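> Following the hints, position chain U against chain L.
Given next are the chains, with one letter for each unit.
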Amino acid sequence: MKRITVLLGFLVLLGLQVVFAQTKQITGTVTSAEDGMGIPGVSVVVKGTTIGATTDIDGKYTLANVPQNAEFIVFSFIGMRTIEMPANQAIINVVMESDSKELEEVVVVAYGVVKREAKTGSVSTVKGESIAEAPVSSVDKMLTGKMAGVQITAASGQPGADSQIRIRGTSSINAGSDPLWVVDGIPVMAGDQSYFTNTGNAIAAINPSDIESITVLKDAAAASVYGSRAANGVILVTTKSGSAGKAKFQARSKFGVSQLANDNGYGVMSGKQLLDYQRQAYTNAGLDPDVYRPYSLLDGGTIDWMDHVTRMGNLQEFEINAAAGTDKGKFYTSLSTHKNEGVYYGVDYEKITARMNADFKLTKNLETGSRVNLAYTESNDVAMQSLYYVNPAFAGMRILPWTKPYNADGTHNINIPENSNTNPRFSADNDEQFEKQYRLQASQYLSWKPIEGLEFKTNNAAEGTFGEGRRYWAPDYGGTTGTLQTSNIQYLQLTTSNTVAYSNTIAEKHSVRALAGQEAMRRTYHSYYMYSPNVDVLIPFPNTSTAADDDGDYSYNARTLLSFFGILDYNYNSKYFLQASARYDGSSLFGEDKRWGLFWSVGGSWNIHNEAFMENISYLNVLKLRLSYGLNGNDNIAPYQAYGVYASTAYNGSTGMLPDSPSNSSLSWEINKTWNLGLDFGFFKGKLNGSIDIYNRDTEDMLLSKQVPQTSGFSTNFMNIGSLRNNGVEFQLDGEIFSTKELVWTAGFNVAYNKTEILDLGDVKEMTYADDARLRHTVGKGMYTFWLKDYYGVNPSNGEALWRMADGTLTNSYNKAAYIYAGSPEPKFIGGFNTSVSWKGLSLGAFFEFKQGNKVLIIENRYFNADGNQMSTNQAITALDYWQKPGDTGVNPKPVAGNSSNSYQFASTRWLEDGSYLRIKDITLSYNLPQSITQKIKLGGVKVYASALNLYTFHDVNFWDPERGVTGVGAGIYPMTKTFIGGIELSF
Amino acid sequence: MKRTTILLLFISLLFTGCEGFLEEAPKLDQSTEITLSTYNGLNNAMAGAYAPLASTTWYGAFYVLEAEMRAGNATLPTNSDFTSGRMLVPHSLSYSPTTTSGLWGFAYFMISAANNVIENLPGKDVGDVTAQDLNNLKAEALFLRALAHFDMVRLYAPSYAKNPSAPGIPIILKTDVSAQEMPARNTVAQVYDQIIADLLEAESIIDPDYARAGVTDSKAVVTLPAIQALLSRAYLYSQKWQLAADYATKVINNADFAMWNAGQLPGVWTKDVAGNGGEVIFEVYGIRSNEYDGFWEGPSHMTNPLGYADCAAHPDLTALYDAGDVRGNLFRTDADNVSGSLWTTKYAGKGLGDALSTPDVNNVIVLRLSEMYLNRAEAIVNGAVVTGASALGDINQIVTNRGLAPYASVGADVVFNERRKELAFEGHIWFDYARTNRPSLRSDKPLEAGSYLWALPIPQREIDVNKNLVQNDGY
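Those protein sequence lines, which keep their order, are chains L and U. Residue 2 in our numbering sits at position 2 of the first sequence, with consecutive numbering throughout. Residue 29 in our numbering sits at position 29 of the second sequence, with consecutive numbering throughout.
Here chain L stands alone, though its shape is the one from the complex (with noise of 0.2 Å):
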């Protein structure tokens, strides 16, 4: 149609030509500044007039009838950056750039768009390009250090593992600490969704190259319409959209190597260490070593256990993704592969994704779009993140150096006493423990604009995880049975999000926006879980169970949530704005007493440097002042806790039913009151820009279990009872150090302070953490303090470990030392810097990440250090480091074989270290070769790059990796990984 319209055009612009002399004849191309190639469809016109063109296919147009005195053509197009020539030449050849960069001066934030320029509250934002190229599996991984205040924490460095997000310290004991992650306008599903492994992270269905910005809410006036959700901020994801235009496609691969991060030289002993180390324990204990120990044992050779059960991980990701449009409709699809193979045998984790996301002018006020994703992804591992024997992490540690690997006839060796007879590498041949997902996130929108500034839209949503677990043990050699356990589990969530916008300019200087909106959402979860016994090892499967010995279990639950919300934007002369929302929610989850709440905030900001006074400033561009204060609960918390149930219990032969939990028609959200103040400036024309942001957070009717009293028939009761308070202070600044038009440098740095204090906690003043007994909730310290005994040291004169007491005397005896608090697993100072140097196609960039002030509970030491009370077991080289002589202090206690001086024992300030770190998070070095070169081969643009991840680590921690989780405890856990990878991206 567009064609022929052009060619009628051309044949009536040439019938004029004929008659009016008067006219001349303008022609060229327009290309996009991008891929260099001819952009179709561009409206062209003689400046003033209705005279005009549209370039064709290839980009070329031709303006026949241009009145001689015409002074300018404008070149337009939806996307693109309008320009003006001036009409002086004959042939007049255009490079149309993106308006992208009128595009960055927007953020995207709950229900919409603002000019960065208009935000209120304090939000972060990061761009799609900036994460396409790290070699991760999900998003969450990319924001690492990114962000002030944003803090992602690693309990595994496993591939598929989720993190741990916290914005601006954790809020809450026993409701979720977690962020709400919103993609495309609806909240979605986070977390580890798996049944039997720990990496389904269900945020790793969103394709991380699909990502076009992610920005992050971080305080009430930013979050609260987010209401009863918002209390740990919100993570907004914006996938792509196509653009009006030729076709674009994007081909990616890349290939990566990895292996364990080992920076400080942590491992075990070889078999001579382990021999001579042992050796003096049994001299220490009086014991003769050649009748324990001898030398012999090394006769048969030795091996490293630990190189024997990792092996190098790789990692492989295609990608094929297709962007077009018209002024009609727009289209984004994708397509990736993911596989990464852990450095553990057993360990891999696959991922498939497919999005696709439209957007169509049904009529000119009437839009309808969606954005549908696809994933699948499957793990295999073993039982990582425990002190189990089949854990390679802990068992690679543990086996002996001189136990042989495989038996003779080359199967492998599971006559291994010290670690249960158990070989990992077994485990990881024969055993299988796997998560299968398939996810979907689809939403549907239809916007009407009947008149200029008013926007109704609905857009629908459903989300669903349908997982497939497996876990088998396999007999050992010869056997014929082996244990099966399998499940199948079902997540569900249907989202209606129904709003209606007004904005408008009153009086050129009133600018208002208004929303009102409403939404409903359910979700439900079930899962089937299946237990087999002696399953045949030829049909692994419950078929062969016999009925008699299967037990199954099932597992329901069901969580709807109803609101009502409003948002009201002014701001007068682009100097003062003013921003209130308000959310009334209704939940399924708490009390019919308090079942509806209200969240509320307001912020207003101040734009300095609008104003006359500041005109004549010409080195400071944006200086602006931002104050907000805001209300907002959080609701992350499991189902049905507010009904009293009788729950079956067995006495006699029968089942009855038995009171199992008090009912509590109050119970209700935990609720976080906001203040934030923030400054935003920019120097030099926006080549210097930084931010600054106080906070005060403070979360009351915080959901503790409360001790009543047991003539209630109960114990506890899970009330509103308890608070805290977290504050601190965020600095950004990023800046362009020197640009010229070949070469750019850039940099940017983040810091954030923040501090987590308990308040109250209802009754009592301190809680043991539920999970570990070594963290306690203390009223009046941080989140969670170490409860430890006071580890003194070594008795420089004879080798003896040796405790604080109460009194502050030294006690050679464990059970006599004093606990203290020793400190915490929350950092002070959270942050990163980044930098990066880019000359013509060649660009360098490296980012560095960091923690400061947190401890670190490495428990498993307790084993790999013991001192000689493992003497069934290998050791840490760091046990080799004890004492030998009067004097020596700072050491290892002497080892003493079957030691009894329980200097290994758990809850022990010997096991805690500062678990601070500076990470070399990622060095990137890319090239996109010239446009000269990919034309000639007819492509858009090649780019190729290698990165490296986690490439070294600052530490002292006596552990391959000081990252282990938000509380800084667990125990046997995957550490991180170092990846190196390669990648070529080619665009056409």
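The hints are simulated quantities; they were obtained by calculation from the structure and are not laboratory data. Predicted, not measured: the structure shown is a model, and the values here were computed from it. Heads up, the beta-carbon is just placed ideally off N, CA and C, and yes, glycines get one too. Check before you lean on any hint, since a few could be wrong.
[What the hints assert, rightly or not] Label pairs and their in silico Cβ distance ranges:
#: 1; chain 1: L; residue 1: 551; chain 2: U; residue 2: 275; range: 48 to 56 Å
#: 2; chain 1: U; residue 1: 400; chain 2: L; residue 2: 481; range: 57 to 65 Å
#: 3; chain 1: U; residue 1: 84; chain 2: L; residue 2: 918; range: 48 to 56 Å
#: 4; chain 1: U; residue 1: 204; chain 2: L; residue 2: 552; range: 53 to 61 Å
#: 5; chain 1: L; residue 1: 534; chain 2: U; residue 2: 335; range: 33 to 41 Å
Relative to chain L, chain U alone:
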């Protein structure tokens, strides 16, 4: 355009003001409301209400064994290889508010389960359900409520004989749904009055032939004789001698029960169920599938020389048995007698465990016929009159069934001593000392009658959360 408007309107209306959308009740756990809304639900709730009896803090071991340990029927084996440390506190009588018995929590848990049933019974006699069906459930609930109050008041309060107006325990007769109430302690006398009132009501409403259906052990459920036997004991504890004797007589005259003879006695302790025709009136059934099965801490394992074995027989006790007394044979040594200690065989187990890989299980007898004779004998010694019965006759009824010659005459001390020998390791002796205001004669740790130690401290957590509770003197 109009279609869009309609669509938008429709979607908004769909969710506006629909409160039902926010109702999501648990499906896999049964809400309290639903459980208590039908006869079947109440019947299940009643069946479940028995379960806490089997917990280790109660008849599942320690309530019984600690009483024996405190009073000197039991002691720690002298060879420390045979101890696990679980009996140190009762052995040294070093109870503190934080190491005291946890019975409080379990007993009130059962009371709340019973109260839920009692409160919700009215009006459930619909369809095939008769008023008598409801009364039977109510009688069971009243019995359990009475037993729970009784076991607590004799543990945590001074005996009635010492001071009936001393603080007892809070009487709880209705469920505190909000778990906010802070009840104060009623006096010992008030608690006994309530126990007796509950039992009398239960006696008056229960079908004389009623025993809960669907259970394995028909002696582990509430029956009319069980109610009457507990009434006899409650009257005895509150020194209502005539009534104690009268209720003992009701059970003694019940043809369903008969004294075990000397030949039977050694074999009765290892049965899976007591069955009919023996002495057992009410017992707590032990089986691995019980929700509150104590496993390693069950009575069988605690008195097994191969098990934890903390609870050996005190030489004071074993010395009491005369030659020929079959009760003196209810003890065993360890396999090679390396410890020199003896252990009771009253919890020798049902043969369902080997004490090494798996512990065995046991029933624990709460009420049996010989106690009724002992109750009546004691009541008669204290002035009760029962036609055709005498203290001498009652005591001889027991001893002649234990392989001994009859007494020529009996007094209070003989009755007490026979009670000790007969009911040893069944959880009586400590409370018998206390309620008769006797000193404990335990040779290694005698205790005078006036000591504060006779009442165990109230758990500290309760004192912490209920400001109306007063701790016992001395703690």
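> Against this structure, judge whether each hint is valid.
Hint check results:
no. : hint                      : result
1   : 551/L / 275/U: 48 to 56 Å : violated, 32 Å
2   : 400/U / 481/L: 57 to 65 Å : holds, 59 Å
3   : 84/U / 918/L: 48 to 56 Å  : holds, 50 Å
4   : 204/U / 552/L: 53 to 61 Å : violated, 46 Å
5   : 534/L / 335/U: 33 to 41 Å : holds, 34 Å
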